[in-house]
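**Student:** In case you want the letters, here they are:
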Amino acid sequence: MDPSTIVNIVLSMILLSALIIITIRLFMRLRATKLKNLEGLIIFFIGQSILGFFMMASFQLGFYIVEVISFIALAFFINDTFYKNRKNSFRIVLLLLICLSIGIITFLVLHLFASIQGQLDFENLYYLLYIYFFTLAIFLVSLWYSSASYSAYNLIRDEKIDNNIKLRYKVLGFSSLIFALQGFITPIHVFLITFISNYNHQLYTIVNVVILVIFALGNLYAWVILGRKIEDSRKAAPSEDEISEEEMMKMIKEGT
Amino acid sequence: MDIITYFGDILSEKINIPPIAARGLIRFSLKDEVGSADTPDYETLLKTFKNSFKNRLERIGVENQDKIANFMVAELSKKQSLFTMSSV
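Chains as they are written, first to last, in numbering that gives the first Met the number 0: chain U, 0 to 255; chain C, 0 to 87.
A couple of the hints might just be wrong.
Below 30 Å or equal to it, Euclidean Cα-Cα: the simulated BS3-like pairs (lysine-lysine) are [as the list claims (entries may be wrong)]:
| id | chain 1 | residue 1 | chain 2 | residue 2 |
| --- | --- | --- | --- | --- |
| 1 | U | 228 | C | 49 |
| 2 | C | 30 | C | 13 |
| 3 | U | 252 | C | 49 |
From chain U, some residues computed to sit far from chain C (all C-beta separations above 10 Å) [to be verified]:
| id | residue |
| --- | --- |
| 4 | 1 |
| 5 | 49 |
| 6 | 81 |
| 7 | 89 |
| 8 | 251 |
Treat the hints as calculated values from the structure; they're not laboratory data. All C-beta atoms, glycine included, are put in the ideal place defined by N, C-alpha and C.
Input sequences plus hints: build the corresponding full structure.
**Tutor:** What follows is the structure, given as structure tokens:
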């Protein structure tokens, strides 16, 4: 085994472990908090874990389907967490993702017959369409996630809120931005692999895994490590004495 | 971070009443709306600010209750991600 393959395997193992830990933690928090919006994020991480597990395998149509479900679920999470009942880009993002998915599936079905007759290299076609979908999906959803996190952080940055919560917004914003880099490098990789005969794709594979590892570790820090700290500080906070309705009324009358 | 404490402090500044009274006002409004003030979710608090909170403001004689309720709805809407970020 050459060194780059070993590095790739080690990074893939780190990636997969981080994704599984995040998924388990989020699932536990979903059960404890009943926050329905977490379901979208859990589906996204399950999808990414499946893709991470098969990272070393050659491309399959199933990967495309997992990627579609994964990004649509993440779009739902962003909408339900940051923009519920607010004007936002959710409908545009979702519409683009769904149109693109339907368009590509229709295209694939129409070309299936040509492939059966041996007129097309169907495997390469799958791969190219997967890349087109992936590039658009990753740009739309990751940059939206990043901007939602940074915008929400800017609203509370000067307020008296647990610093770990503020840090969580920043880490999520930054790691999503890193994740979006995949949308840059993947089309470049496809271009190089198509037009340069002696192109070595090992570099792309490693850069790709490094981006995913940074994203996964960022999310591990935000959802698991900071999550524990936020939980501890919530438990440590002194419980406030509740006042009676009469006391409240008296205070309001005196205060207004 | 407790959500009622957070929005109570915002209300306290807005209508110039002690923070503990503002938090109490939100708690009692929640109890009017859904019967409990324990760990409200975003939808419950939104519904509360639009209905029972406004009624309570009216009952205690606070002026511009529509304006204050709308302000609280807007604050809640902008900062809704805190429900997830502070409890997951």
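**Student:** The structure should be examined with respect to each hint, and the outcome stated for every one.
**Tutor:** Status of each hint after checking the structure:
1. Of the supplied pair hints, the one linking residue 228 of chain U and residue 49 of chain C is violated, its CA atoms being roughly 33 Å apart against a limit of 30 Å.
2. Between residue 30 of chain C and residue 13 of chain C the CA atoms are separated by roughly 22 Å; this keeps the pair inside 30 Å, and the hint holds.
3. For the suggested pair residue 252 of chain U and residue 49 of chain C, the alpha carbons sit about 23 Å apart, so the restraint of at most 30 Å is met.
4. For residue 1 of chain U, the non-interface assignment is confirmed: its Cβ lies about 41 Å from the closest Cβ of chain C, beyond the 10 Å cut-off.
5. Its beta-carbon lying about 22 Å from the closest one in chain C, residue 49 of chain U satisfies the requirement of being farther than 10 Å from that chain.
6. Against the 10 Å criterion, residue 81 of chain U falls within the reach of chain C, whose nearest CB is about 5 Å from its own CB.
7. In this structure residue 89 of chain U is separated from chain C by more than 10 Å, as the shortest Cβ-Cβ distance comes to about 14 Å.
8. Distance check on residue 251 of chain U: its Cβ comes as close as 5 Å (rounded) to a Cβ of chain C, failing to clear the 10 Å threshold; non-interface status is violated.
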